Amino acid sequence: MPEIHVKEMEASQGEPGLNHKEIEENSPSKPKTRRRLKVAHPERCIGCLGCMFACSRIRTGTVSLDRSAIKVQTQGGIEGDFRVVVCRAC
515 MPEIHVKEME ASQGEPGLNH KEIEENSPSK PKTRRRLKVA HPERCIGCLG
565 CMFACSRIRT GTVSLDRSAI KVQTQGGIEG DFRVVVCRAC
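Take any residue in the sequence shown, count from 1 to its spot, add 514: that is its number in the numbering used here.
Heads up, a few of these hints could be off.
[Unchecked claim] For each label pair, taking beta carbons as the anchor points, the in silico distance ranges come out as:
| no. | residue 1 | residue 2 | range |
| --- | --- | --- | --- |
| 1 | Gly575 | Asp595 | 27 to 37 Å |
| 2 | Val599 | Thr574 | 14 to 24 Å |
| 3 | Gly594 | His555 | 23 to 33 Å |
| 4 | Arg558 | Gly591 | 23 to 33 Å |
| 5 | Arg581 | Lys552 | 28 to 38 Å |
| 6 | Ala554 | Gln587 | 17 to 27 Å |
[What the hints assert, rightly or not] With a Cα cut of at most 20 Å, we get these calculated EDC-like pairs of lysine to aspartate or glutamate:
| no. | residue 1 | residue 2 |
| --- | --- | --- |
| 7 | Lys552 | Asp580 |
| 8 | Lys585 | Glu557 |
| 9 | Lys585 | Asp595 |
Calculated from the structure, these hints are not laboratory results.
All figures in this text were calculated on a predicted structure; none of them were measured in a lab.
The beta-carbon is built from N, C-alpha and C at its ideal position, and this holds for glycine as well.
Please work from the sequences and hints to get the whole structure.
In structure tokens form, the structure reads like this:
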């Protein structure tokens, strides 16, 4: 099963694809950090959707497949290969 890593970044760090202004506006009372999710070994995906649940929990505080920035795609049903597609902002 793929490993899932959470990385905290300071919002002041300039990194392409991240909208730090939006983060600061949406959480004025929270420290200026952003958690980022990284699927360490996507080639080991077995389609359990655990990475999608972890992503939605980190991003929104709720466990919802609809709110995940990670999507697991399959080719050939449950016996086929799985592919993990991660949002480019992460």
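The hints, checked one at a time:
For the pair Gly575 and Asp595, the supplied restraint of 27 to 37 Å holds, since their beta-carbon distance comes to about 32 Å. At roughly 18 Å, the beta-carbon separation of Val599 and Thr574 lies within the given 14 to 24 Å, and the hint holds. As the Cβ distance of Gly594 to His555 is approximately 18 Å, the hint placing it in 23 to 33 Å is violated. About 19 Å separates the C-beta atoms of Arg558 and Gly591, a value inconsistent with the hinted range of 23 to 33 Å.
In this structure the supplied range 28 to 38 Å is violated for Arg581 paired with Lys552, their Cβ-Cβ distance being about 18 Å. Roughly 18 Å separates the CB atoms of Ala554 and Gln587, a value that falls within the hinted 17 to 27 Å. Using a Cα cut-off of 20 Å, the hinted pair Lys552 and Asp580 holds, with the two alpha carbons roughly 18 Å apart. Using a Cα cut-off of 20 Å, the hinted pair Lys585 and Glu557 holds, with the two alpha carbons roughly 14 Å apart.
With a C-alpha separation of about 14 Å, the suggested pair Lys585 and Asp595 falls inside the 20 Å cut-off, and the hint holds.
Checked against the numbered hints listed earlier, the structure breaks hints 3, 4 and 5; every other hint is satisfied.
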